[in-house]
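*Asks:* Construct all of the structure, not just a fragment, from the sequences and the given hints.
Chain by chain, the residues run as shown.
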Amino acid sequence: MTIAAPHEFEPEQGGMAACPACAVVPSAKELAERVKPIAARLMLSVPMAHCAACISTVEAAVLATPGVRSARLNLTLKRISIEATPEVTAADMVAVLKGVGYEAHELDAGLLSATETDKQGRDLLMRLGVAFFSMMNVMLLSIAVWSGAESATRDMFHWISALIALPTVIFAGQPFFKSAWAALRVGRLGMDVPISLALFLASSISLYETIEGGSHAYFDAAVMLCFFLLLGRYLDHRTRAVARSAAEELAALEVPRARVLVEGAEVERAISEIAVGDLVLVRPGGRMPVDGVVTQGASEVDRSLLTGESLPVFAGVGTVVSAGEVNLTGPLTLRVTAAGAESSLHRMADLVAVAESARTKYTTLAERAAAWYSPLVHLLSFAAFGFWMWKTGGDFRHAINISAAVLIITCPCALGLAVPAVVTSASGKLFRKGLLIKDGTALERLARVDVVVFDKTGTLTLGAPEPTNLDAHAPHVLSLAAALASGSSHPLARALAAVAAPAAVSDVREVPGYGIEARFGGKLVRMGRAAWVGADPVDVTATYLSVDGVVHVFTFADQLRQGAEDAIAALKAQGKTIKLISGDTTGSVADLAVRLGIADWTAGALPADKLALVRGLGAAGHHVLMVGDGLNDTAALTAAYVSISPASALDAARTASDIVLLGQNMAPIGDAVRISAQAKRRILENFGLSAAYNAIAVPIALIGLATPLGSALAMSLSSITVSLNALRLK
Amino acid sequence: MEILSILIPASLLLGGCGLAAFIWALKSKQFEDPSGDANRILMKDWDDHPKP
Numbered sequence: 002m003t004i005a006a007p008h009e010f011e012p013e014q015g016g017m018a019a020c021p022a023c024a025v026v027p028s029a030k031e032l033a034e035r036v037k038p039i040a041a042r043l044m045l046s047v048p049m050a051h052c053a054a055c056i057s058t059v060e061a062a063v064l065a066t067p068g069v070r071s072a073r074l075n076l077t078l079k080r081i082s083i084e085a086t087p088e089v090t091a092a093d094m095v096a097v098l099k100g101v102g103y104e105a106h107e108l109d110a111g112l113l114s115a116t117e118t119d120k121q122g123r124d125l126l127m128r129l130g131v132a133f134f135s136m137m138n139v140m141l142l143s144i145a146v147w148s149g150a151e152s153a154t155r156d157m158f159h160w161i162s163a164l165i166a167l168p169t170v171i172f173a174g175q176p177f178f179k180s181a182w183a184a185l186r187v188g189r190l191g192m193d194v195p196i197s198l199a200l201f202l203a204s205s206i207s208l209y210e211t212i213e214g215g216s217h218a219y220f221d222a223a224v225m226l227c228f229f230l231l232l233g234r235y236l237d238h239r240t241r242a243v244a245r246s247a248a249e250e251l252a253a254l255e256v257p258r259a260r261v262l263v264e265g266a267e268v269e270r271a272i273s274e275i276a277v278g279d280l281v282l283v284r285p286g287g288r289m290p291v292d293g294v295v296t297q298g299a300s301e302v303d304r305s306l307l308t309g310e311s312l313p314v315f316a317g318v319g320t321v322v323s324a325g326e327v328n329l330t331g332p333l334t335l336r337v338t339a340a341g342a343e344s345s346l347h348r349m350a351d352l353v354a355v356a357e358s359a360r361t362k363y364t365t366l367a368e369r370a371a372a373w374y375s376p377l378v379h380l381l382s383f384a385a386f387g388f389w390m391w392k393t394g395g396d397f398r399h400a401i402n403i404s405a406a407v408l409i410i411t412c413p414c415a416l417g418l419a420v421p422a423v424v425t426s427a428s429g430k431l432f433r434k435g436l437l438i439k440d441g442t443a444l445e446r447l448a449r450v451d452v453v454v455f456d457k458t459g460t461l462t463l464g465a466p467e468p469t470n471l472d473a474h475a476p477h478v479l480s481l482a483a484a485l486a487s488g489s490s491h492p493l494a495r496a497l498a499a500v501a502a503p504a505a506v507s508d509v510r511e512v513p514g515y516g517i518e519a520r521f522g523g524k525l526v527r528m529g530r531a532a533w534v535g536a537d538p539v540d541v542t543a544t545y546l547s548v549d550g551v552v553h554v555f556t557f558a559d560q561l562r563q564g565a566e567d568a569i570a571a572l573k574a575q576g577k578t579i580k581l582i583s584g585d586t587t588g589s590v591a592d593l594a595v596r597l598g599i600a601d602w603t604a605g606a607l608p609a610d611k612l613a614l615v616r617g618l619g620a621a622g623h624h625v626l627m628v629g630d631g632l633n634d635t636a637a638l639t640a641a642y643v644s645i646s647p648a649s650a651l652d653a654a655r656t657a658s659d660i661v662l663l664g665q666n667m668a669p670i671g672d673a674v675r676i677s678a679q680a681k682r683r684i685l686e687n688f689g690l691s692a693a694y695n696a697i698a699v700p701i702a703l704i705g706l707a708t709p710l711g712s713a714l715a716m717s718l719s720s721i722t723v724s725l726n727a728l729r730l731k
Numbered sequence: 474m475e476i477l478s479i480l481i482p483a484s485l486l487l488g489g490c491g492l493a494a495f496i497w498a499l500k501s502k503q504f505e506d507p508s509g510d511a512n513r514i515l516m517k518d519w520d521d522h523p524k525p
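Protein chains in written order, with my numbering: chain A, 2 to 731; chain B, 474 to 525.
Hints are computed from structural coordinates only; laboratory data are not their basis.
Since this is a predicted model, take the numbers as computed values, not measurements.
Hints are supplied without guarantee of correctness; some may be wrong.
List of simulated lysine-lysine pairs, DSSO-like, C-alpha gap at most 27 Å [unchecked claim]:
#: 1; chain 1: A; residue 1: LYS430; chain 2: A; residue 2: LYS573
#: 2; chain 1: A; residue 1: LYS179; chain 2: B; residue 2: LYS500
#: 3; chain 1: A; residue 1: LYS434; chain 2: B; residue 2: LYS517
#: 4; chain 1: A; residue 1: LYS179; chain 2: A; residue 2: LYS120
#: 5; chain 1: A; residue 1: LYS439; chain 2: A; residue 2: LYS120
#: 6; chain 1: B; residue 1: LYS502; chain 2: A; residue 2: LYS430
Calculated from the model, a selection of chain A residues having no Cβ within reach of chain B, i.e. all distances over 10 Å [stated by the list, open to error]:
#: 7; residue: ALA400
#: 8; residue: ASP508
#: 9; residue: PHE688
On the chain A side, residues computed to face chain B include the following (Cβ under 8 Å) [said to hold, decoys possible]:
#: 10; residue: ALA53
#: 11; residue: ILE56
#: 12; residue: THR77
#: 13; residue: VAL131
#: 14; residue: ASN138
Yeah, the Cβ is synthetic: ideal placement off N, Cα and C, and Gly gets one too.
*Replies:* Structure, rendered in structure tokens:
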């Protein structure tokens, strides 16, 4: 990094020095840059960036921040990398981006560096490029031969083709040779064994025919095979690389640090270095990094991620808190009772890991196709060889020619492209809609879903309350409530702060864990917990305002996640059964179920209940899609046939799920189910197409009528039809 | 047919140039952000004067 930073600056200097008048400026600027300390590199995920205007806005906003040297938004990965002086922190950048309307998350640059240079992908792309170059040139020469080039000209063309094709097959075919060899060594027949055999046979027979001055050479077929199969392989790799980097990105989202009190001074430390007995400070809005007991302070904690309760819980001295809970109103000091791998958060995550390994491996359509395809192809080719040896009375050259033609023609060009082309097209579509497929097989599994189970808090709702009975209050009460509410960062208070123009109050004081009090016209007014205000509590989420001994009750309902209604409607329209299961109270779950039109709901469910529901549905033969975000959902997410979690979910929940919803909007879930069903149909169609093509071409090859021209036509036509079919996805 | 002795090397040379350009582009990481590059040409930021 130390060396890289000045280098990055050079092009700009060059540009400036080109203007003679400015010749002095860059050196001064350069000096200034040298004096500044080593640049820091920040990496932020910007999930909502999608267009040219986004690039301009985001980069301009970041570059306008003092201390930022360079910023570049990668639209493919939806990630911005920023070079800046160390004073610039990721939190500043998140605030800057929020200011221009983009949600951003800090990523751990260290964790991501591995994916930055996708060596394997570039290697495949290089081979693909070489194969393409050879294919085009060999095809040029082959067309001359097919159009009737004779004797010396034909031989020369064959020799030139050989010079281009043989090195290409050796170089570009390596991925196939390697994996075929690996498969053979453990005694299996993968898809790559017939491919390698076909490449080897096609090249060696063509070379032999060229030396003998024969009329048929399959060099074009060999390089074409290489090209189409590498294309399939590359698409497949891309999908997987995106999924892997997504998983890493999600891991990098959680930057694990905590503030520890060491001899009265606050020190920032990595969570892994915290020991039992340490004192940890958690600010309002922060997440508990460890399990512990409160030793100082009073506040309210949001346990929704762990239990699904939407109401904050009071926490004072002596309260036991668990890692993952969010501190809301006042600063808390905790004495650590369990940290790191011992904490309840990690124990839950470990449980998920165990459940994960027990999950039955899904056999993809492509794997099932390959399982019967490989033996069949070998059998056909050997049968053709044996038959023609017998028929011609031992004409080895003729027999091997025909068996090679059979291998070349059956070679799974279309089969190799059938699945990756569709999967790439579908996951690209979903990514643009804000859904990230973490597991390659998730798309196929999603296509079979018939029951969708939703969690409530944090999934269908944002966990942010919304006042529901504002109409019942007089304007002066509302403005008083707004005035009191603006003094607190409690979720209920924040929801009330903007309902009216605040009244003039004085001496506003927040009593952490209880509420807010202030003076209004010389009298004391209080807003907060029922007992503190002196009111009778009501059944739903509410806060209480007392003025002159009169109590006003503000009730709240959870704010719906944007697009939740659309998603449910879309799923219903597709004939899926919808269920709602939550750990929250009956009142609020019933309320939400009515709002969304979900008939089948369960409230007060424990994690085990959710798991039992999903397992039960699975045992009854249903394919369940679970959508959830909390730790209490993770077991159910793992047990479900396929699972989705929002990006705001806990690390453990995101790890357990197959698909992650990147933005705030939930509507893409409906699209995802629809697109996956369509993708599966396209894959099956593609299998049908390549089977049909084989059904016509194989008999022709078997009776010995296949020509290089014929096989080249059939191969390219089938590959193109399959790719075009994949693009029909909507 | 003597013309072939010029045309074939010429076609191979041109194709080779294309391949070399591709390999150069690949090595200088120009395929890292395809959708970003596609969108950047639509940006209006430096339409009036070049980027300083």
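*Asks:* Hint by hint, say whether it matches the structure.
*Replies:* How the hints compare with the structure:
no. : hint                   : result
1   : A:LYS430 with A:LYS573 : holds, 22 Å
2   : A:LYS179 with B:LYS500 : holds, 24 Å
3   : A:LYS434 with B:LYS517 : holds, 25 Å
4   : A:LYS179 with A:LYS120 : holds, 17 Å
5   : A:LYS439 with A:LYS120 : holds, 20 Å
6   : B:LYS502 with A:LYS430 : holds, 24 Å
7   : ALA400                 : holds, 34 Å
8   : ASP508                 : holds, 51 Å
9   : PHE688                 : holds, 29 Å
10  : ALA53                  : holds, 4 Å
11  : ILE56                  : holds, 6 Å
12  : THR77                  : holds, 5 Å
13  : VAL131                 : holds, 7 Å
14  : ASN138                 : holds, 5 Å
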